[in-house]
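Numbering (the working numbering), first residue to last: 107 to 293.
These aren't lab readings, by the way, just hints derived from the structure by calculation.
If you're wondering where the values come from, they're calculated on a predicted model, not measured in any experiment.
There's no promise every hint is true.
Only pairs whose alpha carbons sit at most 25 Å apart, straight line, appear in this in silico SDA-like list of lysine to any residue [said to hold, decoys possible]:
| no. | residue 1 | residue 2 |
| --- | --- | --- |
| 1 | 137 | 203 |
| 2 | 137 | 245 |
| 3 | 276 | 134 |
| 4 | 111 | 224 |
| 5 | 137 | 113 |
| 6 | 209 | 224 |
| 7 | 137 | 234 |
| 8 | 111 | 277 |
| 9 | 209 | 146 |
| 10 | 137 | 205 |
Taking CB as the label site, the calculated pair distances span [to be verified]:
| no. | residue 1 | residue 2 | range |
| --- | --- | --- | --- |
| 11 | 286 | 125 | 33 to 39 Å |
| 12 | 285 | 208 | 36 to 42 Å |
| 13 | 275 | 163 | 27 to 33 Å |
| 14 | 118 | 163 | 24 to 30 Å |
| 15 | 124 | 182 | 21 to 27 Å |
| 16 | 111 | 141 | 17 to 23 Å |
| 17 | 125 | 174 | 33 to 39 Å |
| 18 | 209 | 130 | 36 to 42 Å |
| 19 | 255 | 292 | 49 to 55 Å |
| 20 | 248 | 117 | 29 to 35 Å |
| 21 | 149 | 253 | 21 to 27 Å |
| 22 | 277 | 124 | 22 to 28 Å |
| 23 | 292 | 118 | 31 to 37 Å |
| 24 | 129 | 179 | 33 to 39 Å |
Backbone N, C-alpha and C fix where the C-beta goes; we use that ideal spot for every residue, glycine too.
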Amino acid sequence: MDALKALHERVSVPRLTGPVPTAAQRDALFKAALRAPDHAYLRPWRFLVLEGEGLERLGELFGRAALAQTEDLSPDTLARYQGLPLRAPLMIIAIGRHIEHPKVPAIEQDLSCGVAVGNMLVAAHAMGLGAVWRTGDLAYDPIVREGLGVADNELIAAFLYVGHPAGMRKSVPQLEVDEFFRAWPEA
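Kindly generate the complete structure, drawing on both the sequences and the hints.
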């Protein structure tokens, strides 16, 4: 798929199914992430790749976190938390790292990690895969952070779910460019 077409037509795909993306597809996703703009070449990100047993273990971790927050959690709610990672055959957890640098503030490093995730979203779309970027409270939960080995200078920027679209893709919303872009100073 043409790069501009992929950029112009990408939408989040929350309903995903197998099979797991191939090794070649994963490699293309990973290479796309590594092309994110990166002031001073800090590489302020790292990624955990989960499938199969890894998704199940993350579900157990999500369940422990949910129980720590609400001790009288219903069995159905606990099962829902445990099943969250199983919404796709592949998950990539993007972890942003803050590296001390005199010219690169933490916000620039966070944005670089975000662009890496965005690049993977577009690459997935270009290959005919579906993907959706999620975070939510679990991305900030201390039990989840510890279980995934997230250090104090790191943050979970995305739970990127990747698979094959289950059903129709959403239509591409039509936004008016003039509503968001203006010449400055205005004439």
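Which numbered hints fail: none
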